[in-house]
Amino acid sequence: MSGVGPVSAFYVLAVLSIGSALMVMAARSIIHAVLFLVLFFVSLAAMFVLLSADFVAVAQLLVYAGAIGVLVVFAILLTPSREQRGMETKFVGPGLLAGAVVAGTVIFIAFNTNWPTASNDFPSTVDAIGQALLNRWALPFEIASVLLIAAMIGAIVIVGGRGVDLDPGAAGPSARLVRRER
Amino acid sequence: MTALSGFLLSQWYDLRDLGNPVRALIDWINGWGDGTTFHWVGYIVAGLIGAAAIGLFLGIAMLSLIWIERKAVSRIQIRYGPNRTGPFGLLQPVADALKLMQKEALTPLAGDKIVFWLAPVVIFIPTLLVFGVLPFGPKMTAANISVAVLYIVAIGSATPLVIFMAGWSSNNKYSLLGAMRGIAMAISYEIPMVLSLLGVVLFTGHMDLNGIVQWQQKYHVWLIVLQPLAALTYFISASAELNRTPTDIAEAESEIVAGYHTEYSGMKFGLFYAVELGNALAVSGIWATLFFGGWWLFGLDRWIPAWLIFLGKMYILYGALIITRGTLPRLRIDQLLDFAWKFLLPLALVNVLVVALEVTIWQENGISAGIVLPVFAVVNILLSVVLVVGYVQSFGFARRQRPRRARLITDTLAAMPQ
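Those sequence lines, one after another, are chains G and U. Our numbering puts the first residue of the first sequence at 1, with every later residue one more than the last. Our numbering puts the first residue of the second sequence at 1001, with every later residue one more than the last.
FYI, nobody ran anything at the bench for these hints, they're computed from the structure. One thing to keep in mind: the hints can contain errors.
Unchecked claim - Calculated lysine-lysine pairs in the DSBU-like style (CA-CA distance at most 35 Å, straight line):
id	chain 1	residue 1	chain 2	residue 2
1	U	Lys-1113	G	Lys-90
2	U	Lys-1103	U	Lys-1173
3	G	Lys-90	U	Lys-1173
4	U	Lys-1099	U	Lys-1139
5	U	Lys-1103	U	Lys-1071
This is chain G alone, in the form it adopts within the complex (with noise of 0.2 Å):
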């Protein structure tokens, strides 16, 4: 990484994200803290497009801006509102230090590992992620794909499994909908 541009947007990039991740922690309204950590999302998928990480920065912005970000609001919207302003937490120090560890941690593997350089042309890294994932990594691969749909259908089951009438014919007006007439 060289040159104006490049270093000039890692800057912006670096304080937008770290930026964001701060208001997360620091805004009062948890719909506020969930934009912020979907601004803190894609400001990562850009820094990963600044490495040139095509695939992962849209995946990134697919699987956690998209996804994760909707998935929350969801589920603070389920939650009733009493329990969304307990914001106050006794465990600022614990937590912290737990975050100075993890963050100690980070840094010093980052400063400590001998990374391969890359030059300034760098191909695509789909077909590269693509062989991998379907030839030398299937197994795992399919192993966690077994391991998601064991926790969709257990999500399934916890939901619809609670003496949740699933009658079709009690379910309202439109499961009553006749067949086509012989």
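Got chain G; can you put chain U on it based on the hints?
Below, chain U without anything else, positioned relative to chain G:
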């Protein structure tokens, strides 16, 4: 480029592709000094030209689309539509915009003022960004990124969040209901949309839009012939996310006032209105690029400017959106979500399976494209007809024009209050 091997030879005055003069300008700037120090100027100028071109195009397109849409829907509904302002009512969009700008932009007292103000501005970002990757010509892509198809999906998934911002910050139950509905619909319809795009990417082996257009040029076929199921599911699921009339449950004027923009007035409402048109144009542009050959038109693109071909296709497909808006009845929210999960999702899954099978047959055996593509086209068209007709026959509801026996009113299609 291969498409432009005509008599003008891609010189800067070759206006069949507006990328040529821009390229010449950037090359000239890059040549300043010793040839490397001023690359950042060229970079910035290229970005500015792309952004200005997209902004200008979208501004003009939105103004014209308001008129086109109102006029066309009026003709469908057997009335004249705007015809007083200017010739044929052509100045109606300008009059609308001026009126909206003069109106007071109210802000709810108990609402969240910053988010309320931010939402109509932010909602423009995804629309503008999608146009950045659309290839208007062989060299006319503002950002030719290699993961463009995934990028479009990712950018589109940001819109429901902005709709939620608008609905939540209004502090109005109808707004919040509209926002929740919008998110539920977006989540449901994203899945068949992604699966149909996956079919295209699998079949062509390209993820950048220009690559997909060049694939269609190489094999001399439009992808809608080879991928009718994907084209159908993409069209339905992408147009469902546009909040236009057959699927406008996020606004639902007959149910929840105006949905997420109930509290917006003046130009803030105008921005939501314009962005809907821009999104619709973006969807028709993506549809034209993926399934109708984009800027390529069976060799005619050597003589007609490629961007004119693309614009023509985009506007013709936008006409399809207008027709669906003007002719189809609205869907209730449960019908709409059922339609996504029970009709489009199985269809898209079958399509992905069939496409994977076909690509495997094609690539593993090394059969030439001239033999294999017509076979695939026939098989896929037959399959899609059989699947759609079979689904409708076995799960659909027949029109009952002449009932043979008396029925209770609850047995009919009418939704009765309990």
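Do the hints match the structure? See the list:
no.: 1; hint: U/Lys-1113 - G/Lys-90; result: 30 Å, holds
no.: 2; hint: U/Lys-1103 - U/Lys-1173; result: 24 Å, holds
no.: 3; hint: G/Lys-90 - U/Lys-1173; result: 34 Å, holds
no.: 4; hint: U/Lys-1099 - U/Lys-1139; result: 39 Å, violated
no.: 5; hint: U/Lys-1103 - U/Lys-1071; result: 24 Å, holds
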